[in-house]
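*Asks:* Listed below, chain by chain, are the residues.
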Amino acid sequence: MDDFDPGLIPICDLEKDEDDEVSDGGSSKGSCKLRLPWVKPKPAEQHKLQHGFQHSTSICLEQIREAMLHHRWEEAAEYMACYAQIIEDQDTTHASQYKEVVWRMATEILHHHPKSTIEDYNSIYERMKYSGVKHYLMICLEHSFHLLLHGWTEDAKQQLTAAESWRHGKESAGQLHRLKLIQAYRSLLDYITWCDKKSTRSNNSNWESDENVIMHNYFRQASVNLKEILKNPGVWDPFILCYVKMLEFYEDQEEALKVLNEYAYDDNFPPNPNAHVYLYQHLKRYNASEKKLMKVLKGLHAFVPSHELMLEYSSLLLQSAKEKHTHTALGVLLDMLDFSCWRNNLDVWTRLKAVIQELQKEADWEAVVAEKMVTRKDWWWSALHFTRFHLSKDAEENPELLKIKASLTKILCPDLPLKYSAEGQNQ
Amino acid sequence: MDDEDTVSFRDPCVQCSAVDWGISDEGRFFCRSCHNVIERTREVVDTSFLFSSNKISSIGTGPTTTTTTAERSVSWLACEGFQFILKNQADALLRLGVRPDFKDGVLCPLWRRFLQKSRQAFTHNPVRSTAFTASGMEPEVESGTDSVWSLDALSDGESNLSSSAADSRSDWSESSDAPSSQRRGRRRRRGVLTMKKTLALIHVALMWSREPLTLSDLLRLVNEGHVPYVNAHQDLPDQMKVAGKGAMLFKVETVPSHQSVYKEAQALVLFLQLPAFPPISGQVPLHPALLSLRYLTDANLPDDLHPWVCQLMEHVGMQDEKFHTFNPGHCSVLPRHDVLTAAFIIITMKFLFGLDDRTEWEVTNKACLNDDSGEMFNLRSWYQLVQTALTRAQSRREEDAARRQWKPHKPIYFRRKDRCWVTKKKRIAEQVQLCFEKLSSRPAGIQDHRPSTFGFCWGDGVDSDGPALHHARLAGILTQNTSFLFPSNGSYWHSGIRDCSQRNCSSHYPSLQSSLPRSFVFLLELFSFLLDVAPSYLFEEVLAVERKIFETRSFGTKIRQKNSDSALLNIND
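Going down the list, the protein sequences come from chains A and B. Basically my numbering = 1-based index in the first sequence + 543. Basically my numbering = 1-based index in the second sequence + 110.
Heads up, a few of these hints could be off.
[Unchecked claim] Only pairs whose alpha carbons sit at most 16 Å apart, straight line, appear in this in silico EDC-like list of lysine to aspartate or glutamate:
| hint | chain 1 | residue 1 | chain 2 | residue 2 |
| --- | --- | --- | --- | --- |
| 1 | A | Lys658 | B | Glu547 |
| 2 | B | Lys520 | A | Asp632 |
| 3 | B | Lys534 | A | Glu631 |
| 4 | A | Lys741 | A | Asp780 |
| 5 | A | Lys915 | A | Glu940 |
| 6 | B | Lys361 | A | Asp632 |
| 7 | B | Lys361 | B | Asp345 |
| 8 | B | Lys534 | A | Asp632 |
[To be verified] Beyond 12 Å from chain A on every Cβ pair, some chain B residues (computed):
| hint | residue |
| --- | --- |
| 9 | Ile133 |
| 10 | Asp201 |
| 11 | Pro210 |
| 12 | Trp318 |
| 13 | Leu346 |
| 14 | Pro389 |
| 15 | Val394 |
| 16 | His416 |
| 17 | Pro417 |
| 18 | Pro438 |
| 19 | His440 |
| 20 | Gly565 |
| 21 | Leu584 |
| 22 | Thr589 |
Hints are computed from structural coordinates only; laboratory data are not their basis. For each residue, glycine too, the CB sits at the ideal point set by N, CA and C.
Produce the entire structure from the sequences given, and follow the hints as far as they go.
*Replies:* Laid out in structure tokens, this is it:
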């Protein structure tokens, strides 16, 4: 039916087409130019309850969904106005489901509709918040995010403060969870205000002046809450960064270090490589000793062998000029090269070459290399780096890399006959 | 401590729609959920607020309440409420063009007869029925007594009944038989009033007065809102508060299907023990002979088909008025004129065109081959026109269904404690609706369209669904033999027409649908759209008529002309 023009076709045209052909409804005997639209009967079960509240609302929902999927936002808004009656349904079994659907769809439509204003958002959020108890906290949170994104920081903070003190019935685990989240974000908002105040204050003012006192107040509020929050196991990356930043500003290194150490090393917290990264960055800022830095990076290496900080780790190990460390450095770099993202990175290969050179000063360097390569000795590692394809590609794109890699083939994979060499590219 | 001051103030908060008020130190009212402070203060609790009409409040605490305002609620029975609703429905029909005698001459006596038979009025020993008290709410029932949904709530109106009986004694009242105890239970069930019964009553009354409104027309008017049904309780006088357990009777969220109202009407007619209806002869518009003209026009089929439809009816022996009139002695099944007429038309088309996805196109080709004037009826062009119009109309109907608003402006609640959250939900829904109406600048709900008997509009006008084919000639598909015309098509097919012996089997259509010829299925869809019934319903009717056709002959023999005057069939097996 797609290529059939639903407009009216004059009768005489039809008859010209059908002169000497016997054509059924749709079969193509001979060359039938005209295709009649197919009958598409509705399935027989659909006719059961055609006129009712349930039927109307389910069709309306489908229409909204279709309109949203095809980005017809004005149409979606029209149907949404008609769908609002579902909230009045006195059947309580699906009530919270419907409210959630209305909340989410309404906000989505507002996001995309060209004429939506902040008042519309506020109105919808306020209504849906008080429509029931199950979603109150999440809607509060979303509302405050929205306000924050549009610059209404004060209002966002107000929302979260109101939400924080809200309790309903027995406190369920889910409720406590969400309340913590709300607390955390409120402190984040305090931090944002603190940043604002910090940037706007004049540099020559007295530490105890009024505007600074306000700033300090925010700091106190934020830090108290954040400290509270950070005691709970979880992934609190953005929050911990804010906290540490504030502490660094007030030069409380001890506290910052303590917090970061706990975050990285406490077993109750889920394993989080970012924790080690933050700790490392902090230590670097405060010129900690190399030993400490290496210790942190060792932990990170256990988590994420392909992290970019591994380059720094290998440099540190090399600089320390200890034999054991050189062996570790070799291991670290080879671990990095196990991942294809580092395959074409000149830095890694250069460092590897430096490590090998350092290693070659020892007597039994071959054994060491062989030991490290034992798990990689099957063809897969060489297939990752040293095939003819790589040869041609590297020759085109990165001749320096080609040189370094070529020099290392014999050392790393002495037994395999590899075509990867500077001379081999002429073949 | 301030609860006794705030308990009387039950307004929902403007900001959060909750009803949870406290009193601040200054004596102002504030909302406990959202801390919104309002202007109201403790000292100025003006009782005149309680009686203004746009605030929700309870009126009166008992029969001793005397108020000076215009609003004064009364105790009333369910049947009184239904009487009002029936009156409104009848008025709507009168406005639509039904003759004035319908309301007072037909519907009213029928209603009184119903009340008498169900012993809710006009009788010496009335049965207890649902009552609505003056406070608008039933007193909370102790758990030892009746269950919530029992409709035998104590009526406080023995006096009410006798007064209404005294007021409106009519010459229709017959002496009530002393009901025997065995029939009491069944009768009471039959006498229970529901909203669906009002429709059934109106349908019976319309059939009695031989108005050309069939059941499908009536249901279409209800769906479009021209006849009050959904939320009809909103039109009750303000003094009659709809709340409490009995309010369930007035709450409807679906419009019943053709089949269910028909069953209800059938049961009603037997319950009321009505005499024979006025006969529906061939001149009455309800008779299939005339009704088929209307359906042929609506389906854009040529007028030439009409004599063939009539011939078919005569052939089957159903031209006679006794098949189309209810008569307790002879024909105790309420006739379904609309569905029967549609079935006749479909079968006529089947006879003339074959409708097996092959014959009809061959026949049409042959017919239009030599047609230079364009006068011949071309099934192909008819199909294209009607198919596009049907698809458009079906999607419009779906869109209207999606947009329809079902909830009343005055929500019904069944228990006093539900009032708060029901009102709150209503306010929230209204606010969300307002927000999106403003955004889309299109009000929710369907725009009223004028009522129409026809589903499609064929003609040359701007709003028409397509050109009209009513004047096309059928001569091309007929052949002349001596002085009679025969259809060129010589074959006829039908599905299994033997009555299914399973009791719970309503229709075999769902399983057969995929194997039936598409043209036939299309016709079924078209007429089921026009009548707003399920295609399986219409299919069963077609089978019933076919059963009648072939019952008069034994299976396996050749069917010849019935007599020399009716040259209809020349079927070769």
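*Asks:* Which hint numbers does the structure go against, in order from smallest to largest?
*Replies:* 4 and 5
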